[in-house]
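Enquirer: Protein sequence lines correspond, in order, to chains A and D. For the first sequence, counting from 1, position 131 maps to 131 in the numbering used here; every step adds exactly one. For the second sequence, counting from 1, position 1 maps to 1 in the numbering used here; every step adds exactly one.
There could be a bad hint or two in this list.
Said to hold, decoys possible - Simulated restraints, written as ranges between beta carbons of each label pair: (1) D:116 x A:137: 39 to 49 Å; (2) D:77 x A:139: 27 to 37 Å; (3) D:40 x A:137: 28 to 38 Å; (4) A:116 x D:54: 38 to 48 Å.
Simulated from the structure, these hints should not be mistaken for laboratory data. Only a predicted model underlies this, so the values are computations on that prediction, with no experimental measurement involved. Glycine included, every Cβ here is placed at the ideal spot set by N, Cα and C.
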Amino acid sequence: MLIVNDGRRGMAEGRDPSIGGPTDAGAERSGGSRGAEPDYRFTLANERTFLAWIRTALALVAGAVAVLHLVPLKWDSGVRLAVGFALTGLAIVITVYAPLRWLRVQKAMRRDQALPMSALPVITAVGVALVCAVVLLGNYWS
Amino acid sequence: MSGSAEDGSGGAAERPRGRRARGSGADGLQAERTLLAWQRTLIVLVAVALLYLRDPLLPGGAQTGGEPLHRLFPVLGVLAALGVLIVHLRRRWRITEHGLHDDTTGRPPAPVARPWALVLMSAAACLLAVAAAASALPA
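Only chain D is shown next, with the shape it has when bound in the complex (with noise of 0.2 Å):
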């Protein structure tokens, strides 16, 4: 994906690395690529939460993990941190013009989230992933 991209903006001038970004389309692209990732990835946090929440398929088939209102509390953390992510995002996105450039560098805004933001999903992720595993411990 990233190969074709780069032979594309390849063609046109020898370096790419050299070329003004300021206004061009196939520069902008790169952002927009990545918010397309930033919301891809949001929309699976959102359907495990959701998949985390749910009752099981079959009654009895399968142990619950626990009272449905404890599962409550971490898919409400994963949920806060979910939306200062698209606050975060969005407000970042208009800020830079839909991705064309940052005041502060005259490029294209990157990495689309700062840093904490990274940090951030991660953690929600990780909540995820031990509140699945804890509430299945036998009690």
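So here's chain A without its partners, still in its complex pose (with noise of 0.2 Å):
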């Protein structure tokens, strides 16, 4: 797959495939410069998407505040940080993720590439639903 796309750019750029490895590999260090910019309207949107990201983890951080630090729960301690160090850890994973994802999908669109597909959705949305259940299960223990 690596090879046959690094054979393709080649190509597309009239460059000998033996002169163009070596100055590929440095460019894939270099933070992705190679390629045509895209669309700016893309890149706004990939911004949006990144500051909607940050934004879902805030919201997770606003509720491991309240869980942690705010709200009086007559919970069991166990439970009480089970849910807040969950919560705080998609979130720290999120905000871990949201930049890198933010130039892993610049980098395709400068290279008219498929966007990369992403697992933080999905890890997203299995830890929210564990949260609740562990949520329901601290609400009706104790």
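Build the complex: two chains, separate frames, hints provided.
Expert: Here's what the structure looks like:
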């Protein structure tokens, strides 16, 4: 898959693949400045998607702060900590992943490739569902 | 949301990609929408920081999560990042004539903020998450 892509790119630029190989590897490292800049509206949409992920993470942090620090809950302290740490853990995963995802999508758009799939929506959905289950458990236990 | 916008511009010209973007109000709105998304995000960041700083709703109800003074440090860090982001967005918005065109490319600025601002934004959110978890650890 990788070899096919490299060959196609080399041919599209009309360059000898034996010369283009090392420079391609260098461009991979330098943050993907290779390829044509996409339509600015796509770049802006990518930026808004990033910001939407950040808002999702901030909402999870707000829930964690409420559970851990603010709301007086008659829960077992283990359940409370589990819910709070699960929410903050999800938020940390999202905040680390969001800029990487932005960069990866930007690179793919510059090279006119298909956008990379991401496991993050599934991780977020499963995580939030688990938190909901533990919240139910915390309400009816103790 | 984006589908309706692209339909609107696609009806006027068969290939929206090839149109000249300079000075067109419909294209400037794309940058403005992104700026509004930034504003929403920053407002949520302030709200979560204040929520973290706040005392418990009922006395003795929940664990307070350490000294209020210790909770102030991450919030100050978040506020510093917030100030940098606001200044950066304002300057870029003004330089690019309210998101209409960048001087180097002649097109609307994309992205609205520089990539380091995106990293700073996620670092601020991550800092709040870590602080909220760390101050809840049983001492």
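Enquirer: Work down the list of hints and note, for each, if the structure agrees.
Expert: Here is how each hint holds up against the structure:
1. Roughly 42 Å separates the CB atoms of residue 116 of chain D and residue 137 of chain A, a value that falls within the hinted 39 to 49 Å.
2. Distance hint check for residue 77 of chain D and residue 139 of chain A: the Cβ-Cβ separation is about 35 Å, which falls inside the suggested range of 27 to 37 Å.
3. The hinted window of 28 to 38 Å between residue 40 of chain D and residue 137 of chain A holds, with their beta carbons roughly 33 Å apart.
4. Evaluation of the 38 to 48 Å hint for residue 116 of chain A and residue 54 of chain D yields a pass: the beta carbon distance comes to about 39 Å.
Of the numbered hints given earlier, the model fails none.
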